[in-house]
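Engineer: Sequence:
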Amino acid sequence: MSASQTSSSDVPTLLVKIFGKDRPGITAGLFDTLAAYSVDVVDIEQVVTRGRMVLCALVTEPPPGLEGDLRATVHSWAESMKMQAEIISGLGDNRPRGLGRSLVTVLGHPLTSEATAAVTARITRTGGNIDRIFRLAKYPVTAVEFAVSGVETEPLRTALAPDAAKLGIDVAVVAAGLYRRAQRLVVMDVDSTLIQDEVIELFAAHAGCEDKVAEVTAAAMRGELDFEQSLHARVALLEGLDASVVDKVRSEVRLTPGARTLIRTLKRLGFQVGVVSGGFTQVTDDLKERLGLDFAHANTLEIVDGRLTGRVTGEIVDRAGKARLLRRFAAEAGVPLSQTVAIGDGANDLDMLNAAGLGVAFNAKPVVREAAHTAVNFPFLDTVLYLLGVTREEVEAADTLDTV
93 MSASQTSSSD VPTLLVKIFG KDRPGITAGL FDTLAAYSVD VVDIEQVVTR GRMVLCALVT
153 EPPPGLEGDL RATVHSWAES MKMQAEIISG LGDNRPRGLG RSLVTVLGHP LTSEATAAVT
213 ARITRTGGNI DRIFRLAKYP VTAVEFAVSG VETEPLRTAL APDAAKLGID VAVVAAGLYR
273 RAQRLVVMDV DSTLIQDEVI ELFAAHAGCE DKVAEVTAAA MRGELDFEQS LHARVALLEG
333 LDASVVDKVR SEVRLTPGAR TLIRTLKRLG FQVGVVSGGF TQVTDDLKER LGLDFAHANT
393 LEIVDGRLTG RVTGEIVDRA GKARLLRRFA AEAGVPLSQT VAIGDGANDL DMLNAAGLGV
453 AFNAKPVVRE AAHTAVNFPF LDTVLYLLGV TREEVEAADT LDTV
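Under our numbering, think of the first position of the sequence shown as 93, with each following residue one higher.
Derived by calculation from the structure, the hints in this document are not laboratory data. Check before you lean on any hint, since a few could be wrong.
Only pairs whose alpha carbons sit at most 25 Å apart, straight line, appear in this in silico BS3-like list of lysine-lysine [said to hold, decoys possible]: (1) Lys380 <-> Lys258; (2) Lys109 <-> Lys174; (3) Lys174 <-> Lys113; (4) Lys340 <-> Lys380; (5) Lys359 <-> Lys230; (6) Lys113 <-> Lys230; (7) Lys359 <-> Lys304.
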């Protein structure tokens with residue numbers, strides 16, 4: 093029977109369902125049994141949950157006069173394996189899926205039945221159909237991926253965002269397709285994203301001007317200063333500081349939990365990774381070397397005669413600058429902008445988050461969470477991997493490879 097005949101809606105087919113305690117050889121045994129009846133395989137699905145298997149095989153009808161014997165043989169084989177069998181007659185393949193293909197990733201700690209009910213109900217109300225459900229991880233958060241058809245990605249993302257905020261879960265919606273595992277570029281903010289610290293505050297602590305720096309920062313947050321003005325005002329307070337403080341600050345920088353795992357896994361999967369920062373190259377260059385990053389760009393503290401001058405040199409990396417750098421990195425990496433992922437926490441990251449194919453607000457302020465494509469509100473940076481469809485098993489495999 094040809095492939096076109098098999099997919100025809102008027103070809104008789106049988107849905108063979110096997111369920112019971114999982115054990116080695118069940119799948120092979122079923123198809124060995126079916127092979128005696130010259131049926132073709134149209135579709136297969138298998139799920140194992142806590143040791144219980146559900147195996148479904150959609151096959152073409154056997155030659156005339158053999159269906160009864162096939163049914164009896166399958167039931168007999170299933171009984172011998174201490175499994176149950178159900179066989180349903182029908183026509184053709186699965187019904188065509190609606191237009192629009194999306195992958196909805198839900199993160200919860202825990203993932204409650206209430207949250208799951210709300211998300212699935214909302215998908216239904218948007219006109220979407222859940223085709224498959226797959227658990228990506230159970231640690232450190234529960235991450236579940238829904239394959240949805242019948243609704244376009246943007247309307248689905250918009251519909252699910254309010255539910256995520258109310259239910260205390262994170263929901264990411266991306267278009268499905270081969271690109272999901274194509275080569276991609278991930279670009280992160282540094283302060284309070286890749287690292288737990290604000291680098292300017294670490295320098296200010298050594299200069300004894302933390303309070304003054306905090307005052308300037310607060311003025312910028314109130315909108316009294318733009319980023320460039322606030323940067324110059326804060327850096328000016330560092331004038332005269334001995335350049336040896338750079339090494340001290342580097343040693344004080346604390347990576348965000350999960351940062352090494354995120355970068356190591358992305359690199360093992362062939363992704364390119366970069367950072368952009370309103371901080372300073374004196375720190376980002378060190379991070380690039382330590383973590384094996386592909387790209388890094390930040391402001392540069394001017395040092396003359398072994399002391400900080402209180403000025404920065406070169407092009408200022410501000411909100412618009414971060415988006416420009418994302419585009420530049422993508423061009424250098426040979427990755428379409430639609431294949432980029434940006435991660436950040438502050439308003440200074442918004443242009444970059446919106447320019448990327450997927451913008452992720454990481455433990456961000458409400459205004460940033462609302463504007464980004466999706467948000468992660470767990471303190472582990474590696475949970476971003478689940479939004480990209482990476483499973484916990486792949487993360488652990490990358491860890492194993494790294495120690496070999």
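Engineer: A separate judgement is required for each hint: does it hold in the structure or not?
Structural biologist: Results of checking the hints against the structure:
Among the hinted pairs, Lys380 with Lys258 is inconsistent with the structure: their alpha-carbon atoms are about 37 Å apart, more than 25 Å. Of the supplied pair hints, the one linking Lys109 and Lys174 holds, its CA atoms being roughly 14 Å apart against a limit of 25 Å. Simply put, Lys174 and Lys113 have alpha-carbon atoms about 8 Å apart, close enough for the 25 Å limit, and the pair holds. Pair hint Lys340 plus Lys380 holds up; C-alpha atoms about 17 Å apart against a cutoff of 25 Å.
Between Lys359 and Lys230 the alpha-carbon distance is near 23 Å, which keeps this suggested pair within the 25 Å criterion. For the hint linking Lys113 to Lys230, the alpha-carbon distance of about 22 Å falls within 25 Å, and the restraint holds. Proposed proximity of Lys359 and Lys304 is contradicted: the alpha carbons are some 40 Å apart, above 25 Å.
Of the numbered hints given earlier, the model fails hints 1, 7; all others are met.
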